[in-house]
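J.: Listed below are the residues making up each chain.
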Amino acid sequence: MTTKDLIDKVGLRPLSTFEHRDVNGVFVSDMLSDVMAGAKSGNLWLTVQTHKSIVPAANLVDVAAIVVTGGKDVPQETVDLASKYNIAILVSDLPTFELVGKLYALGSFAR
Amino acid sequence: MAECLHQWTMTNVQFGFVVFEKCFHCNSLGTYFSVEDTPILGDKYREGDCYWSRVENAQSFRFDLECPLCGRRENFHELMGLMHCPGCPADCGVDAIRRKYEAERTWVLVAFGFIYKDKRGPLPQEKVDILTDYFNQRRDTTRSRIKIVSFDLIKDLSVCRGDFIHDVGMLSQEPVTERKPLF
Chain A
1 MTTKDLIDKV
11 GLRPLSTFEH
21 RDVNGVFVSD
31 MLSDVMAGAK
41 SGNLWLTVQT
51 HKSIVPAANL
61 VDVAAIVVTG
71 GKDVPQETVD
81 LASKYNIAIL
91 VSDLPTFELV
101 GKLYALGSFA
111 R
Chain B
1 MAECLHQWTM
11 TNVQFGFVVF
21 EKCFHCNSLG
31 TYFSVEDTPI
41 LGDKYREGDC
51 YWSRVENAQS
61 FRFDLECPLC
71 GRRENFHELM
81 GLMHCPGCPA
91 DCGVDAIRRK
101 YEAERTWVLV
111 AFGFIYKDKR
121 GPLPQEKVDI
131 LTDYFNQRRD
141 TTRSRIKIVS
151 FDLIKDLSVC
161 RGDFIHDVGM
171 LSQEPVTERK
181 PLF
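Same order as they appear, the protein sequences are chains A and B.
Note that this note's numbering numbers the first sequence so that position 21 is 21, with each residue one more than the last.
Note that this note's numbering numbers the second sequence so that position 155 is 155, with each residue one more than the last.
Mixed in with the good hints there might be a few duds.
[What the hints assert, rightly or not] Okay, derived cross-link-like pairs now, DSBU-like style, lysine-lysine, Cα gap no bigger than 30 Å in a straight line:
| id | chain 1 | residue 1 | chain 2 | residue 2 |
| --- | --- | --- | --- | --- |
| 1 | B | K147 | A | K4 |
| 2 | A | K40 | B | K127 |
| 3 | B | K155 | A | K84 |
| 4 | A | K84 | B | K147 |
These are computed hints drawn from the structure, not numbers from a lab.
Please build the complete structure, drawing on both the sequences and the hints.
T.: Here is the structure:
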């Protein structure tokens with residue numbers, strides 16, 4: 001499963017410019033410390049946070065993409081920083097719970 | 001016996017707060033890690049000539065890194081956090097390194113030790129290098145790499161516009177642009 005597959009299958013909206021890559025799992029958290037301690041390289045990170053600090057955190061742990069849920073607006077400075085670091089910011093209009101359900105149903109993220 | 005090529009894993013993770021204190025007598029800054037459930041802002045106490053008051057809490061964590069191949073374990077209790085350098089106009093050592101490495105798709109972050117009365121605590125270079133190794137070992141380095149540098153390279157903290165990767169000002173519904181600088 002790649003970021004391109006997920007954009008098509010789950011209806012995610014890309015905001016930043018990035019190269020598509022493989023996705024190997026999903027990590028859900030709204031805390032940067034939690035992400036730095038627990039997210040794995042290649043994970044999809046689901047969050048409602050939009051502050052630009054999500055970008056260096058995502059970059060540090062090498063997540064495949066940040067998915068902002070609930071259709072929240074993402075500040076342009078966050079998008080620009082993500083583009084600079086080749087990090088995908090994708091937006092879903094679904095609440096986190098519903099998006100997790102859809103991703104789980106795809107069945108490609110077994111641990 | 002050949003030297004171990006360590007493969008670091010994170011262990012002994014403890015969630016807590018980085019507490020920022022200010023002395024309203026001499027204006028010094030101090031920081032420390034706390035595992036209290038809820039550090040209280042504005043909490044005040046006296047220490048010698050200093051009158052400390054908590055001015056900010058950042059949810060954070062501390063950890064050890066362990067190599068399962070040889071059993072070596074390093075704690076990172078001196079590490080206050082990691083900072084993203086946005087590139088200040090000043091003649092800062094971090095910015096010079098950042099510009100050099102970013103051309104090679106290597107992203108530079110600054111490791112900060114705790115601060116006491118404006119003095120920067122020690123953060124051994126060996127531990128900074130171990131952090132760099134850890135974050136590179138767990139990423140796809142064909143795409144990009146991480147370089148951690150010490151906060152000793154920052155010439156003047158008071159003009160630093162760096163952004164800590166901390167949970168400060170992110171958990172309320174206030175506009176994100178209102179996140180306050182920590183120094």
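J.: Given the proposed pairing of B:K147 with A:K4, does the C-alpha separation stay at or below 30 Å?
T.: Within the cut-off at roughly 29 Å; holds.
J.: Assess, step by step, whether the Cα of A:K84 is no farther than 30 Å from the Cα of B:K147, and give holds or violated.
T.: 17 Å, holds
J.: Is it true that the CA of B:K155 sits at most 30 Å from the CA of A:K84?
T.: 25 Å, holds
J.: Straight-line Cα separation of A:K40 and B:K127 no greater than 30 Å?
T.: This hinted pair holds, its Cα atoms lying about 22 Å apart.
The structure agrees with every numbered hint stated previously.
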